[in-house]
Amino acid sequence: EAQVTQNPRYLITVTGKKLTVTCSQNMNHEYMSWYRQDPGLGLRQIYYSMNVEVTDKGDVPEGYKVSRKEKRNFPLILESPSPNQTSLYFCASSLYTGGWRETQYFGPGTRLLVL
Amino acid sequence: QQQVKQSPQSLIVQKGGISIINCAYENTAFDYFPWYQQFPGKGPALLIAIRPDVSEKKEGRFTISFNKSAKQFSLHIMDSQPGDSATYFCAASNPPLNTNAGKSTFGDGTTLTVKP
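If you read the protein sequences in the order shown, they are chains R and E. Residue numbering for the first sequence is 1 to 115, as defined by the working numbering. Residue numbering for the second sequence is 1 to 116, as defined by the working numbering.
Everything labelled a hint here was simulated from the structure, so no lab data went into it. Cβ atoms here follow ideal geometry from the backbone N, Cα and C, with glycine treated the same way. Just to be clear, a hint being listed does not mean it is correct.
Each computed DSSO-like pair below joins lysine-lysine, with the alpha-carbon atoms no more than 30 Å apart [what the hints assert, rightly or not]:
1) E:Lys58 to E:Lys115
2) E:Lys103 to R:Lys18
3) R:Lys57 to E:Lys103
Derived coverage of chain E by chain R (criterion: at least 3 residues anywhere in the stretch with Cβ under 8 Å from a Cβ of chain R; other residues may be distant) [said to hold, decoys possible]:
4) 16-25
5) 43-57
Chain R extracted, bound-state conformation (with noise of 0.2 Å):
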């Protein structure tokens, strides 16, 4: 089944505590991506990889990092969580055919908190 997985689906932690959330995929997709998503904001992005190796900034990137080692996994690392990182993460991936993006296929989401 093609899909999109994340883990843990849901984390409590604390303050500095550093942490990873995997998102995994697979369906070949050169593109991956994480979001945010908190109530009244939306889907914002954090970080975007348009392949191996490439990764660039998204538009909330502060207190995160990511790295694309490999095409199906794209890890969003919190070196040093803060309470206003407790959100709704979203991991997502796409086909990158010809420079055009399709269709972002989106992960069942990682619930944080952090105390």
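Chain R is already provided as a structure; the job is to place chain E on it using the hints.
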């Protein structure tokens, strides 16, 4: 310039009615305008999308109307059903070779409730 403004924030429609959600943008470089549907506890899923070379696209009960000169686009849901109750997001992205080619900008979302 990368903003997309969506309205209304919430919408209540009777079963069988027409639901209309509007979005406006500033960046004239945007060239891909998708609408996503999100049910509680799920990730967003693409509903329908349009490129600016057409003014309307219809898929079943869902229609996007696009007004390039006004920099606005809207989602129309005909014969709305209770199963359509969800949050809807408009979005916009840039063409390839644009500085921001990989960026996606989303509206704030509209919560649609269709009453039986």
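Taking the hints in turn, this is what the structure says about them:
{"no.": "1", "hint": "E:Lys58 to E:Lys115", "result": "holds (24 Å)"}
{"no.": "2", "hint": "E:Lys103 to R:Lys18", "result": "holds (26 Å)"}
{"no.": "3", "hint": "R:Lys57 to E:Lys103", "result": "holds (8 Å)"}
{"no.": "4", "hint": "16-25", "result": "violated (count 0)"}
{"no.": "5", "hint": "43-57", "result": "holds (count 5)"}
Of the numbered hints given earlier, the model fails hint 4 alone.
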